[in-house]
Amino acid sequence: MVRRWLELITVGSLLLALLAGMATAQTPPRRFSLPDIPNPKVVTYPHEVGKYGGVHVRAQISDPRTFNYRVAQETSSTDILANVFDGLVEQNYITGEIEPALAESWTVSRDGRTWVFTLRQGVTWHDGKPLTVDDVIFSFESVFTEGVQTSARDTLTFEGKPLRFRKLDDRRIEFRTEKPIGTFLRVIGIAILPKHKLAEALAKGGAEFNRTWGVNTPPREIVGTGPYVIAEYVPGQRVTMLRNARYWKVDKAGNRLPYLTRYVRLIVPNLDAARLKFLAGETDVYAARPREFTEFKGLERQNNFTIYDGPETFASEFVVFNQNPAGVKPPKLTWFQDVRFRRAINHAIDRNTIANQIYAGRATPAWGPLSVGNKLYYNDKLPRYEYNLARAEQLLAEAGYRKGGDGFLRDPQGNIVEFTLSTNAENNDRVAMGNILRQDWTKLGIKLTYAPEAFNTLVGKLVGTFNWDAIIIGLTGGIEPVTGKNVWLSSGSLHMWWPKQEKPATEWEAEIDRLFNSAEAEVSQEKRKQFYLRWQQVVAEQVPILYFSYPKTQPAVRNTMGNVTPIGLQGAIGPIDTLYYKQVLR
Amino acid sequence: MLRHIVRRLLQLIPLLLGITVLSFLIIQLSPGDFLAEIRLNPVVSQETVDQMRANFGLDQPLHIQYLRWLSNVVRGDFGYSFAFQVPVLWLIQSRLLNTLLLNVVALVIAWLVAVPIGIHAATRQYSATDNLFSFIAYIGISTPTFFSGLLLLYLAFVTRLLPIGGMTSLDYALLPWWGKVLDVARHIIIPASVLAFLAVAGLMRQMRANLLEVLRQDYVRTARSKGLADRVVIYKHAVRNAINPLITLFGLELGGLLSGSAILENVVGWPGLGQLILDAVTRKDLYVVMGSLVIGGVTLVLGNLVADILLAVADPRIRYD
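Protein sequences appear in the order of chains A and B. Taken in order, the first sequence gives residues 1 to 586; the numbers are from the numbering used here. Taken in order, the second sequence gives residues 587 to 907; the numbers are from the numbering used here.
Since the hints were derived computationally from the structure, they do not count as laboratory data. Errors might be hidden in some of the hints.
As the list claims (entries may be wrong) - A few chain B residues that face chain A, going by a derived Cβ cut-off under 8 Å, partial list only:
#1 V672
#2 G752
#3 M753
#4 W764
#5 V767
These numbers were taken from a predicted model, which means no experiment stands behind them. Note that the Cβ used here is the ideal one computed from N, Cα and C, for glycine as well.
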């Protein structure tokens, strides 16, 4: 349920535990019961029965910024809190399907607008108080309280109408939406927070709530329902978590999870330090970068770990042209709005060189807005724009662009094709990609100025002044494309090439709007997929965004750990619930 | 003397005002703000971003923002961090002692090593050892701390003799008090020696030059010619006079206690102010930057003041009134 955050500076550390999920809950193979929990959840993914004990250590790049899951925005906080809190539902890390979590079951009305969730019995907070329907109601109230800083409000507001919810009885909650929401289960899994700890702060308003459970809070105050309890936070050094002996999940033999006694998140200053710590044996997991794959492969035996050949991430880097009349004027506007121009340029992007130079070959060329790694919805029949400068020149010529005697490309009116390409200078990979583009585009005769600038400046232009020509940037994606509707709806504020349109400027943008609205309302995953396939087709034909490649993941894990495989979506290793030490030494 | 101190402290006020106004302007007028990253999150709407701006007070005119901040600071409230949503003072206090510890240890090592070496080098000018020390000093002065820090970290990694960065080990909380001291000591060796190496190089050259200067003075020649032992001439007369400029240096170093190790801290993962401030500056976490600037400014001025006082104590010729 963790909302994936834009990976702006670092693409690569994509080991997340849970994302946003989807329909059809599987029935567990066997039923067990625990003294306090009559119907604990039996883990559904393949695993072996593990041993108890051990200290598990992972590195993370920066300090957590808050322990309040509702307002947490960055992975440095959510990577910790995902172990401490649960949602009503959770996502299977391998298939992406939505499964029961704190809610043991649910029903949906025939019109698709009313959902009723039944809470699992006997679940307790870390401080021993029972989890109740009131906690769930409180958690959703916190989302809609004025001033609370949470992106959940946007995902739980449908066409301007907030989600409605009420308590039916001591175990059941009812949710209602104005229209059927097909992706409802994907967005409903927000963290459930304890009312008895946070109600007082929320009553004082949003600003007060945002500050509650800051990193200066004593850890024993932070109570969740998750597999781990925060025991200690030492600023700049580590967060230590201890096993929750009251957790509501069991393995396939009915043993209560999790296995690991202590889980330490070590705070390190940068990726190089994380790498050194892993190679020195101080940490157990490292999300290796594509370029490190071969080197790590060679170190496997000597350092007793395995590096896995993981699937592609959901995030890609791309270049986008400004089509916004408020930002660029003709003739630039005319070129950028001309699909023939964009298609020609798309042939002048050397995706193989990018994959080889930036990702050491560990990336798959991207032809559309969805990653190959998104097995549920990926469209493998998209038109491909193979790297071919002759083809690019031919397409440009067909559109009336010709190279003059001076070697510069001229549009049909005789203007020299001249614009500025930018990216954020802090990101070495993107700067290198820009250099590859520059070489090829210059060969086409484009008079290109390449000017990387500070990230802040770039964003200011992108969403503020709209005063830019072409930008290389990246976005992360969720499994369900409608969560990115801010980018794809023509009215969206992140519809980068022309944000916040009153009404769609082109027919294809109107079609994407329709597809997204239909997909959002469609409950059946199979039908939703049809909308998404068409959307990918439209984007690939109209190329408002020129994608480069989807880099692969390569998690490296110490061989002492069990239940690491299978490797899941975006290179996620086996969840913390079932990880264990084959030999418990420490 | 007292009047001098009071006057110096009063001078702090306009100085700090100037520093804060300027830095506030520079931060705010440079493009972008703390919300830049949030704006690019596909699931966050424009309304949410606007609301956050209002929550942070970033929608107010600049002078209002500054005056509001200033009036709070006067009352001891340094505001809240945008990123952490906790008081700036708590953030700074949670790391202040770590930075102080590192720098004080480095300072002590540096002085204990540099002064004797400097004296040795001056009294045996152009000898083999003098040349050797000079050579080492040049290396020390010209090596950036991040480089020597990385080098030592790599050595620690290869030899496995010392921990690779950080300040304490995982089991720190379970250790007895002497175990805790030893644990921190093991971790501080690398960063402290990097800082000390750099400081030794500069200090030792200073000491050498000062002492050489003094040794050429008439009164030294007089002392020598009236038959005083060489040791007495050097340690009782020459060194005491040569050390004055170093006291000024000492004051400057006191001022740098909180900021001198910022880059190194980021390299070796020392949980000090450096990491916090660098992160705040890049993310434009306004009040954290302002808070640390105020504290840095105050320590710098106080460090200089301490140096002046020490100088007056050490050298009876210097009087401020």
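Consistency of the hints with the structure:
1. Annotation: V672 of chain B was flagged as interfacial toward chain A, and the flag holds, the nearest CB pair being 4 Å apart, inside 8 Å.
2. Of the supplied interface hints, the one on G752 of chain B holds, with its beta-carbon coming within about 6 Å of a beta-carbon of chain A, less than 8 Å.
3. For M753 of chain B, the suggested interface contact is upheld, since its CB lies about 6 Å from the closest CB of chain A, less than 8 Å.
4. Annotation: W764 of chain B was flagged as interfacial toward chain A, and the flag is violated, the nearest CB pair being 20 Å apart, outside 8 Å.
5. The restraint placing V767 of chain B at the interface with chain A is violated, with a minimum CB-CB distance near 16 Å, outside the 8 Å limit.
Checked against the numbered hints given earlier, the structure breaks hints 4 and 5 and satisfies all the rest.
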